[in-house]
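Visitor: Per the numbering used here, the very first residue in the sequence shown carries number 990; after that it's consecutive.
The hints are simulated quantities; they were obtained by calculation from the structure and are not laboratory data. Don't take every hint at face value.
[Claimed, not checked] Think about it this way: if two alpha-carbon atoms lie no more than 30 angstroms apart in a straight line, the pair counts; the simulated DSSO-like pairs of lysine-lysine are: (1) Lys1052 with Lys993; (2) Lys1062 with Lys1052; (3) Lys993 with Lys1016; (4) Lys1052 with Lys1073; (5) Lys993 with Lys1036; (6) Lys1052 with Lys996; (7) Lys1073 with Lys993; (8) Lys1036 with Lys1067; (9) Lys1029 with Lys996; (10) Lys1016 with Lys1036; (11) Lys1052 with Lys1029; (12) Lys1036 with Lys996; (13) Lys1073 with Lys1029; (14) Lys1073 with Lys996; (15) Lys1067 with Lys996; (16) Lys1029 with Lys993; (17) Lys1073 with Lys1062; (18) Lys996 with Lys1062; (19) Lys1036 with Lys1052; (20) Lys996 with Lys1016; (21) Lys1016 with Lys1052; (22) Lys1073 with Lys1016.
Small disclaimer: the values here were computed from a predicted structure and weren't measured.
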Amino acid sequence: MPYKYQKFPLVLIFFLDHQGDGGWCEKDQIENPEPPVECKAIGWLVKEDDTRYFLMSVITSDKGYGGLSEVIKSTVTKFQIIRKSF
């Protein structure tokens, strides 16, 4: 008997990445910081709360999940639904 996949929206999210350095740095790195890096994440939106999106890159026919990306909503610059139910 074949398993059925759960249906989730397939989304593309652009967001600004956080940066940091655990080592020593010079003052000019703070005064003239590099601009934030924009990232793209694509996956099935399996959950959302007030502050975060939870994307999975792999879903299985027996309701398994893999490849979690948790994106903080306040960093999102663009949110696009690729397919409403996939």
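Visitor: Can you give the numbers of the hints that this structure goes against, from lowest to highest?
Guide: The structure conflicts with hints 3, 10, 20, 21, 22, although it agrees with all the remaining ones.
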